[in-house]
Amino acid sequence: MLQEPFSTGNSQIHRLDPRFKMVLATVYAFVVALSNSFPALIAALIFSFALIGLCRLGFLEVAKRIALVNGFIVFLWVVVPLTYDGQSIYYLGPFGVSREGVLVSARITLKSNAILLAFIALIASSTVATLGSALSRLKIPAKIIYLLLLNYRYIFVMEEEYRRLLRSASIRGFRPASNLHTYKTYAYLIGILFVKASDRAERVYNAMLCRGFAGKFYSLHEFSFSRLDLIWLVVMTIVIIGLEILEWVKIA
Amino acid sequence: MGENSVIIQLENIDFSYAGGKPVLDDLCFTLEEGAKLGIIGHNGSGKTTMLHIIMGLLKPSSGTIRAFGKPIETKKDFLDVRRKIGFLFQDADDQLFCPTVLEDIAFGPLNLGKSPTEARKMAMETLERLNLKGFEERVTHKLSGGEKKLVALATVLVMEPKALLLDEPTTGLDEDTNIRIITLLNSLDIGYIIVSHEYDFLARTTRDIYSVQNGQIVYDGDSSALHSHYHRHLMGKFRHRHETLSSQI
Numbered sequence: 051m052l053q054e055p056f057s058t059g060n061s062q063i064h065r066l067d068p069r070f071k072m073v074l075a076t077v078y079a080f081v082v083a084l085s086n087s088f089p090a091l092i093a094a095l096i097f098s099f100a101l102i103g104l105c106r107l108g109f110l111e112v113a114k115r116i117a118l119v120n121g122f123i124v125f126l127w128v129v130v131p132l133t134y135d136g137q138s139i140y141y142l143g144p145f146g147v148s149r150e151g152v153l154v155s156a157r158i159t160l161k162s163n164a165i166l167l168a169f170i171a172l173i174a175s176s177t178v179a180t181l182g183s184a185l186s187r188l189k190i191p192a193k194i195i196y197l198l199l200l201n202y203r204y205i206f207v208m209e210e211e212y213r214r215l216l217r218s219a220s221i222r223g224f225r226p227a228s229n230l231h232t233y234k235t236y237a238y239l240i241g242i243l244f245v246k247a248s249d250r251a252e253r254v255y256n257a258m259l260c261r262g263f264a265g266k267f268y269s270l271h272e273f274s275f276s277r278l279d280l281i282w283l284v285v286m287t288i289v290i291i292g293l294e295i296l297e298w299v300k301i302a
Numbered sequence: 068m069g070e071n072s073v074i075i076q077l078e079n080i081d082f083s084y085a086g087g088k089p090v091l092d093d094l095c096f097t098l099e100e101g102a103k104l105g106i107i108g109h110n111g112s113g114k115t116t117m118l119h120i121i122m123g124l125l126k127p128s129s130g131t132i133r134a135f136g137k138p139i140e141t142k143k144d145f146l147d148v149r150r151k152i153g154f155l156f157q158d159a160d161d162q163l164f165c166p167t168v169l170e171d172i173a174f175g176p177l178n179l180g181k182s183p184t185e186a187r188k189m190a191m192e193t194l195e196r197l198n199l200k201g202f203e204e205r206v207t208h209k210l211s212g213g214e215k216k217l218v219a220l221a222t223v224l225v226m227e228p229k230a231l232l233l234d235e236p237t238t239g240l241d242e243d244t245n246i247r248i249i250t251l252l253n254s255l256d257i258g259y260i261i262v263s264h265e266y267d268f269l270a271r272t273t274r275d276i277y278s279v280q281n282g283q284i285v286y287d288g289d290s291s292a293l294h295s296h297y298h299r300h301l302m303g304k305f306r307h308r309h310e311t312l313s314s315q316i
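Order-wise, the sequence lines are chains A and B.
For our numbering, count along the first sequence from 1 and bump the result up by 50.
For our numbering, count along the second sequence from 1 and bump the result up by 67.
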């Protein structure tokens, strides 16, 4: 089951206005993603680590999440340096490792880790529920927000239903193999899951109607922009300007 | 408050699902204010269908529905009925769709036009009333089955309904939760209809018990005169009374 281990703390960052954190995270992500100079990217990575530190999140939990993403990045390191056009700096048999390929891989590694860490610090430090309300305050259309929230709510129910179906198949001796029977069984399972999902959607909607739902969603949360938010606005502005300077000014 | 003011009245309701045989056939039924009724019947007998018709979730092929003395016809009429009659669904997972308990309970009051502050206050009061204090920030999908059911009941009660409809409220619950629900229902001063196939549960929560047979509602009797012990027998054909026992009591 999906947990929200990062949302429970009480650090400075946890206490920031979630609307503000979302805007900050988005702006920061764009700035980092569009940067190319190594000094800027390394500085961003250090800053992202600092954010995690300020959140006082469990080191092991953060490491697990980071490891997941870096699993993909390992593939990148295997493929890109060998296939990227450019000056070869090393030969592995017939394949040349290109200098440009290594640089591209390094940039992607730095960028993705910096952005991911910042998102863990700024976004995962709020619950999905809070993020939903924050998005609605940011004037994101209600339908999109409820798509997010209902997905989050029912993904577990669907998972449980899928497991139940799979269990009932396996106690009747179903062993997946690479044959038509297996493909057909999986197709049935997925088909039934869709049917159940649509049935449930109807029941949930009916239950909402019974509680007076008339097409409009209301939010219970009230947010306030505090002094702490103002301080962080200044901090983040300075950091972003700093990153831009590192990006555009050639260091001799 | 008139003892006999009618909350819901169904007159000559017919209903069948597309392509199926009639589920409800010329059904007539009345719920008076404060009345606590049980409806028993086997699977597929149309118990749930009847509740859905009252809430306007299903449309009967013929017949009249009256609520609070007025015939209910348009969508707007049903909107009004849904604000006054609480409906507890069989599966609490269908009812609880918000991420947190507090938001789920506040959903109804917000729909009724209450301000966020008022809705929050009402939700907290309802939680306290149901001995669920401390649940407000819990995540709904992580609750146990019994907790989900109690929270679902809270989401309905917070709207201060004039009557409740409960669809199989005890399915899959443990004895502890069962007893909590029974105690709670008995303490309510509003009337309700409980649909169930558990005779024992109905006997402990309702006064009059009806059954659905051949698409119609049949009065079975006073729940205290009917038995309330642990055994099962086919409904209808083998119904029996414990004459000596009831005369002893």
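Quick caveat, the hints were computed from the structure, so don't treat them as lab data.
Just so you know, not all the hints are guaranteed correct.
Okay, the calculated bits of chain A under chain B, using three or more residues with CB under 8 Å as the criterion [what the hints assert, rightly or not]:
id, stretch
1, 101-112
2, 215-225
3, 253-263
Where chain A lies over chain B, by a calculated footprint (3+ residues, C-beta under 8 Å) [what the hints assert, rightly or not]:
id, stretch
4, 146-154
5, 166-172
6, 175-188
7, 264-276
As the structure is a computational prediction, the values presented were derived from the model and not from experiment.
Note that beta-carbon positions come from the ideal geometry of N, C-alpha and C, so glycine has one too.
Hint check:
{"no.": "1", "hint": "101-112", "verdict": "violated (count 0)"}
{"no.": "2", "hint": "215-225", "verdict": "violated (count 0)"}
{"no.": "3", "hint": "253-263", "verdict": "holds (count 10)"}
{"no.": "4", "hint": "146-154", "verdict": "holds (count 5)"}
{"no.": "5", "hint": "166-172", "verdict": "holds (count 4)"}
{"no.": "6", "hint": "175-188", "verdict": "holds (count 7)"}
{"no.": "7", "hint": "264-276", "verdict": "violated (count 0)"}
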